[in-house]
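Line by line, the protein sequences give chains U and W.
With full-length UniProt numbering applied, the first sequence covers 1 to 465.
With full-length UniProt numbering applied, the second sequence covers 1 to 465.
Honestly, the hints are just simulated from the structure, not real lab data.
All C-beta atoms in this analysis are idealised placements derived from N, C-alpha and C, irrespective of residue type, glycine included.
One-sided excerpt, in silico: chain W residues whose CB lies under 8 Å from chain U:
| hint | residue |
| --- | --- |
| 1 | W273 |
| 2 | K401 |
| 3 | M413 |
| 4 | R432 |
| 5 | S438 |
25 Å max Cα-Cα, derived SDA-like pairs, lysine to any residue:
| hint | chain 1 | residue 1 | chain 2 | residue 2 |
| --- | --- | --- | --- | --- |
| 6 | W | K257 | U | E440 |
| 7 | U | K424 | W | K257 |
| 8 | W | K401 | U | P406 |
| 9 | U | K257 | W | K463 |
| 10 | W | K311 | W | T69 |
| 11 | U | K401 | W | D422 |
| 12 | U | K5 | U | A383 |
| 13 | U | K173 | U | V349 |
| 14 | U | K257 | W | K423 |
| 15 | U | K401 | W | N136 |
| 16 | W | K284 | W | R113 |
| 17 | U | K424 | W | D228 |
| 18 | W | K423 | U | Y224 |
| 19 | U | K311 | U | V321 |
| 20 | W | K443 | U | P434 |
| 21 | W | K423 | U | T396 |
| 22 | W | K443 | W | N278 |
| 23 | U | K284 | W | W464 |
| 24 | U | K234 | U | E198 |
| 25 | W | K443 | U | N278 |
| 26 | W | K108 | U | S438 |
| 27 | U | K257 | W | M409 |
| 28 | U | K401 | W | M409 |
| 29 | W | K322 | W | E53 |
The calculated label-pair distances, taken between Cβ atoms and stated as ranges, are:
| hint | chain 1 | residue 1 | chain 2 | residue 2 | range |
| --- | --- | --- | --- | --- | --- |
| 30 | U | D372 | W | P328 | 55 to 61 Å |
| 31 | U | I40 | W | D201 | 55 to 61 Å |
| 32 | U | D222 | W | K173 | 30 to 36 Å |
| 33 | W | N278 | U | R217 | 52 to 58 Å |
| 34 | W | E239 | U | E448 | 32 to 38 Å |
Protein chains: 2
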Amino acid sequence: MSSVKIVFLGAGSVRYTLQLFLDICKTKELWESYVCLMDIDSEKLAAVHNLAERAMNEIGADLRIESTTSLEKALEGADFIVNTVLAKGEGEEDGYTQYEIMRQVGEKHGYYRGIDSQEFNMVSDYYTITNFNQLNTSLEIAKAVERICPNAYLMQTANPVMEITQIVLRSTKTKIIGFCHGFAHVKDVFEALGLEFEKVDWQVAGINHGIWLNRFRYNGEDAYKLFDKWIEEKSSQWEPKSPWDVQLSPAAIDMYKFYGMLPIGDTVRNGSWKYHYNLETKKKWYGKFGGIDNEVERPKFYEELRALRKKLLALAQDKTVKLSQVFPEEFRLDKLSGEQQIPFINALVNNKPARLFLNILNNGIIPELPNDVVVEVPCIIDASGIHPEKIDPPLTSRIIKYFLMPRIMRMEMAVEAFLTGDKKVLEEFLIRDPRTKSYEQVKAVLDEIMNLPFNKKMKEHYKWE
Amino acid sequence: MSSVKIVFLGAGSVRYTLQLFLDICKTKELWESYVCLMDIDSEKLAAVHNLAERAMNEIGADLRIESTTSLEKALEGADFIVNTVLAKGEGEEDGYTQYEIMRQVGEKHGYYRGIDSQEFNMVSDYYTITNFNQLNTSLEIAKAVERICPNAYLMQTANPVMEITQIVLRSTKTKIIGFCHGFAHVKDVFEALGLEFEKVDWQVAGINHGIWLNRFRYNGEDAYKLFDKWIEEKSSQWEPKSPWDVQLSPAAIDMYKFYGMLPIGDTVRNGSWKYHYNLETKKKWYGKFGGIDNEVERPKFYEELRALRKKLLALAQDKTVKLSQVFPEEFRLDKLSGEQQIPFINALVNNKPARLFLNILNNGIIPELPNDVVVEVPCIIDASGIHPEKIDPPLTSRIIKYFLMPRIMRMEMAVEAFLTGDKKVLEEFLIRDPRTKSYEQVKAVLDEIMNLPFNKKMKEHYKWE
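Please put together the full structure from these sequences, using the hints given.
The structure is reproduced here in structure tokens:
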């Protein structure tokens, strides 16, 4: 057992922090560690501190919990930093609400789902080009890490993971790793086919929200043949259990047939406009809910999140309640949340090898992609470090050329716009948008977004007039 | 002097054949060579043979002219093959008319300028995805070259040069080189700035119809400074002399400002939709004619071409006329046409070194682009072969990432569709088109194009139902 300091930035996103905190409590090897909760909202911070203490005591774990509103204090002596910060600009609204306001402006100018929803990036809260506040705050955090605890791992959990990790790696020496849980949806596939998880020889690789099941073998045989059979015999009876349940949707199958490998997790939500023109189209491809990235389900989800947060804040006020009784599933000691952050820490600190899917600099891991791009790839992590697996078999040529490269081009544009402040790049990004009908439309939508009160810094950054 | 056999395929495109034939007549080192004119249209072939004989005699050149309607006979013993063939499908219309018919179908379905007009490929007769007849005929010719005269150079002159050279290089061992004259528009720039051509240190590089003035120095100084001054002081007075005169247009300057190097020749016509939404937009960016790629100027140009061809065919009937009196400029002995084909032959055959801009396999010439892609680059040609220059300075990152790579992706899709016959690739190509509003629209436009009588072979190739 080694004692390390684990910091949660944006700990006020109560639900997510508690989920990972419970993973720490359940990982005995990490007991005696320091857990530092940091948020600029002192009220939420007090609540999450209270709930964390009680959770720890109910489980009987032994951790030292601190909380602070100071980023600098939190980072002092830190070994691991889980960054879940969702930044926001000036104003009373939370970050998600500000996203939604920008989406409404986009829709007013003819951009269904807003200008950040793009071919190969349709996930509703993965804003890349109007997200100056988030990108800037994330970079400031990375710079503080570089200054205060340069050897720490910055575990980027808040989106857009791809753009943030890329910006940080190009601007600092901070050891940033991007985390996402989308890969776990391989289980939906294995379950549908009735495969025993342990017997599947599988690999997924790509970029964040653009990963593909490149290896899929079972009992020494090509398991895609089983999947083809499932498509033929059972896919027509498929029904989504929730708006999030899209792994086996017609969209996933259509992408599989075109690209030659199955898209995994959020990748299924990130096809081209073919699947996204409007709610009706989305329902055709993602089932009766039309997925989660639409005008009906997304607001409902935000309502659920707000209700859960309210519930958690109320629980923080009522110390008589036993949390493990309210959340029996989450408190099961034999099961971690499925998030990768704590297994990552444990693997490095206590040499408990783990196979994780991490967003790291390519440097030849996917030889067909540029070296200086962040990719999401399987790695073995142990005390000696992060060891990317060989990607075998390689991703198909269609995945590389027709999906990943164009998505990478948009990443490059978003990153360049942010790093240089050249508004021409934002304009060019939108000129290539299928919803754009004229240059005037581009200027008008950007103008209205720049002039939103919470985008004051962005407007200055781009010297918008 | 060496005697070689130079073949013109599609010699019935009278004007172009005569232009190059005159270049041969003016190149004494090539006298005693065989010139073989080949076309499947025996009437036009007889006319061009007649005119070529008379031109040769008027100049006093010494060449052996043959003509044949047989491809095989033409290729026997060939050393150089100039391919200007514009294929056509069944029906009475010529190839250009068939292009225009397909464009009309596209426009009917909401695709202004037709579905082959694409971001970075707006040149009106550069069809890539509906051009099965042309791609297939060009490949058949290349295969015949491989079989009959494997050591000959196939000089691909007919468009789409990029897609055809790529397909041939991926499917045969034929030594194909792509030829284009667009680079010559650097002269427009030098003239506007009052520079002496010989004193300019310049280089252009990129891909066909996507080339950029990467090096531009004068008297040891950065000549882009002179160009910036020209923009500031004189660009507002610029007026196009013809629809083709776009090298110094607002579009060229706008692209220069964004990409960091000046686009040259047809590249200026190949920007994004920003410059092309409609005729009004085109006029804003290309001057009063709106360039040549629009619904007014392009049909006029085809009319001019037809009138010229008619005139040439009439001249072939009237042997009393002296051609050098009708075309005094073309018959000037001190001046070649500016086309690169004959200097290329002379450089290789007679070791007359020439600096030419050729479409050849990249293999690291532009290190930032894939090796297996055809690029258009400056080369020194002499008896020892083709020697690409080092591209110095390199193309800007924006040119590579935001212009060339997306254009290359579309080339890859067009080439894959053609080579595999997978109609899903055609659909996917159009799904990403900004003019597409629904998958149904994609299917409808492709369906109508496939069912045109002259696209019978294409329909079979894609197993269209």
